[in-house]
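Student: Chain order of the listed sequences is R and X. Residues -15 to 253, numbered by this note's numbering, are exactly what the first sequence covers, in order. Residues 229 to 560, numbered by this note's numbering, are exactly what the second sequence covers, in order.
Just a few of them, taken from the derived set where beta-carbon distance is under 7 Å, the chain X residues facing chain R: (1) Val399; (2) Asn402; (3) Asn407; (4) Phe408; (5) Arg410; (6) Ala414; (7) Glu417; (8) Ala421; (9) Asn423; (10) Leu424; (11) Ser426; (12) Val427; (13) Pro542.
With a straight-line Cα cutoff of 30 Å, these simulated DSSO-like cross-link-like pairs (lysine-lysine) come out: (14) R/Lys76 with X/Lys233; (15) X/Lys233 with X/Lys536; (16) X/Lys536 with R/Lys76.
Honestly, the hints are just simulated from the structure, not real lab data. Please read all numbers here as calculations on a predicted model, not as lab measurements. All residues carry an ideal CB built from backbone N, CA and C; glycine is no exception.
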Amino acid sequence: MQPILEVTHLSHSFGGLKALTDLSLEIFPGELVGLIGPNGAGKTTVFNLITGVFRISQGRIFFRSENISDWRSHRITAAGIARTFQNIRLFKELSVLDNVRLGAFGQHRYSLLDALRRSRRFTAAEQQVTNQAFALLERFNLTHYAHTPARHLAYGEQRRIEMARALISRPQLLLLDEPAAGMNQSEIEDLIQRVRQIQQDFDLTILLIEHQMRVVVNLCQRLTVLDFGQTIASGTPQEIQRHPKVLEAYLGKDGGLGQEAPEPAEETP
Amino acid sequence: MLRQKGFLIWSGAALILALAWGLPASGALNPYVIQILMYVGINMILTLSLNLVNGYMGEFSVGHAGFMGIGAYVASVLTVAVLPPAWAAPAFPAVLVCGGAAAALAGLLVAYPSFRTRGDYLAIVTLAFNMIVKSVLENISWLGGPRGYLGMPRLTTLFWVAAWVILTLLVLRNLVYSNFGRGITAIREDEVAANLTSVDTRRLKLYAFLISAFFAGVAGGLYAHLLQFINPRSFSILKSTDMLVMVYLGGVGSLTGSLLGATIFTVLLELLRPLGIWRWVVGPLMLVLLMIYRPQGVMGFKEARLFKPKLPTPGGGSPGPPAPAASPLRGQ
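Just chain X, same shape as in the assembly (with noise of 0.2 Å):
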């Protein structure tokens, strides 16, 4: 049973990964559908990075727009002022990795404040930090200030974005699944209750910043590479809007909400492209209504069968000893 479901999996994401790199060689898809689809992969990494720190954990960030920024000017510094040109397709996943480490390196300083306060007041330091990214990158004036940054070559592929969402998706799942996972959600449930079943909840959010905002960097060099141009308001708080619009469309603590989020999002506000500049009202409009009649969003705290592991059950084959029944954790 576990076995096939493995077998579907990874023969599905071996799949999607032919067909990303198959159909834009092939012609049989225009540019504009492939660059659609680039960006719905794009988003749907920053869904699922954003969901692990909002849905999983509890907490509220609004300002991952700010991670994503550092990913991608640290990637466009890497392929357009670092490496000569000749080794940026060939490093451009180790350019990525680069970006997204910076943007790690970043969620340590949200993460510690996230030791101390929560909830509004979290939410508010994300929001400085939001702020505080934007207003260095219009500042720094090699970086082409509030001009932006552009040269960069266009090395984003349906392939690449497509191997980053699986990978996202891998990590992601793994660790809800996990220990780890089992311990963020009690962040959410209740940090105190957490704390005294012995959950280390400092370290776990560490952990939980760490891995959202390595993702929300890697998003961030996607885009760049993509567009290949960008400037610092590209990572503005209505950035950071659009990822919670995402996140609470296709439901909170739920990978298939983060993907499914990611799609109706994009794929929307594509074709509402005739609307012209009203189209942005769409997202926020959107997010109230969503509040209003559907907080949890389509599959809050629902997963899809695929995504989640068997339902733990005792013995089955178990290599580590059976606990007796009566008292099993007697003379320890």
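For reference, chain R alone in the conformation it holds in the complex (with noise of 0.2 Å):
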């Protein structure tokens, strides 16, 4: 089988400083792969190379076998990788409703004419994407919003709303960046639930980047380990459990498994 993503030999610096080293990555499709590793492992750096956020000096990156390095951000998500943020970037005074419809920016098929001139190609178009993003709206218990600033709302359902915003537009690849940061126990077992059905409902391939053990544990089929930018490991959860480089490098420095410690922000893009 193809990979869906292909990460080849890929590094990164900012300035003198070694951020990510030779990093190599092959995602199947339908699979559900977490990166982890303390923070500054270089794990939020690794997502913005794949979306483009950061220009690619060494290694490759292939989308279903194309070759996507050199793309820009906006052409690699509206080919179908999408992602969310681990401090959540909405636009905060559009409402809930734009923010998700903005999502599906890349697949609008009219013309700046066709919108001066409020054509029926427009207001077909926009009529269904309104439909895409209400039903979206639904599925994350967001009707209600809809016309209200993003800003108004709370921590967990602005969470839902980047959730929304990022599905609108149909990815085949979903980067989750830290979804469950800043969530209580029980909240953490709602986004698992949570994750799972969009994964099936959505056909997805996720790739997630998580600091706690016990959300990558239960979700994910693979996990690979960074620390300083190097791969340290990967393999299967239980094998990545017992690995004794993570638990030197990881675990052993925390203290232990699931042990949660609030979360100072990476770099970001």
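Quick one: dock chain against chain with the hints and give me the complex.
Tutor: Right under this line is the structure:
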């Protein structure tokens, strides 16, 4: 089977600081893969490289066998890679509905002239996107807030808006950046259910960054562990949990499995 | 409901045009008032134009007088030196469009730097652009250099001003409430996130600057054929400052606010005429007070209901295939 995402020998540095060294990764359709590691290990950097926020200087990224290494972000997203952010990035002044509809920007097939003339094609396309957005709002229990500015909503709801915004673009690959950050135990259980459900309903492949072992062990089929930009291990969650290097670098320091410390922000796009 | 509003808008527009045609002809308004109304209209176009870039897109252009100047000079040269005098009047709308198109081309010059820089740095780029336009105009001798350019017939009438205000309003409203408009506001809110939700920010910046510069250029053409005299100093930073005051007074990211800001500012400056040179302190002073007490302006991010489309709802006689509620995007 062809991998849906293939990362080969990817390296990145900020000035003199090596943030990521020689990462190679293959993700196959339908998989749920976790990328874990302590803070500052380079996890978000990987996402930023895949989605074109940072320019790639070394290594290559293939999406469905196509080299996307030098594509710009909007093209990558339109091609089918959607993501969420560790620290929520919504369009705060815009309504929840508009936030979600913006996720479908790349799907719009009407021209500027159609919009200015309010042509039939414009009206049909707008209505279709609006319908899709409302269907997603319903799924995430947000219908009630459709016309409310996103900044008025609570943290958990904002996370759900991000998810809806990512899903409306009909992605094949979804990148989730610490979706459980700032959540309590029951919210995490809820999230795990939700991610599983979404993956099934939308035929998704998911790459997930996570800090909390409980989440990845429950969700992911495969894990890759980063530390100081180096790939120190990869395998099934069971293998990873026993891996001496991982225990030393990640778990040993933190004092064991499932310990949840508040997350300081990693480098962000 | 939607029908009714459409009817209201179109009949309102027709009424305004009829009045703009009939009132000056009937002699019911004195020429001074008509003159002021035309200034209000031209300033409305300028404010709407600048609001697209500064209010909706959230960039900070301080050089829009440059676009206005280009439109004014191109339109003037066309009616004075290129077209035979008899053609000038019937070709006036086309002349204005040419002026606007020339300004739009200049808009590209500013749009490209905006791909890489934003915020303060882009403001400096637009400032430099404004200064370049002014110095170039000052140094072209066949355009009169610093002495200015004259001989334009007085073609600007209240009717043409009203017609262009309505057209500007219509274009901007339809732009703002579309996929493109949402993308433009997304650039203001969070440019990186916009890119990562598949918004082609470069293309949108290009569109925004093109449209904005076009209407600023048209306003310049109307202005030149009202005053019948222009010089490079009319399009200096001071003019750009006036536009900023009108945008931030009326309200950023609001069409209603643009109309309001232009009206208040123009009328106020006229009423303060007795103050002589001191009235030029009013604009900057207003800007300072506004920034302190109401930085978003009178109508910041708010819109009169007349200009807003109906709140979108699901279904509603959609010609497209209805999305199933449970998993709408499956099996695409």
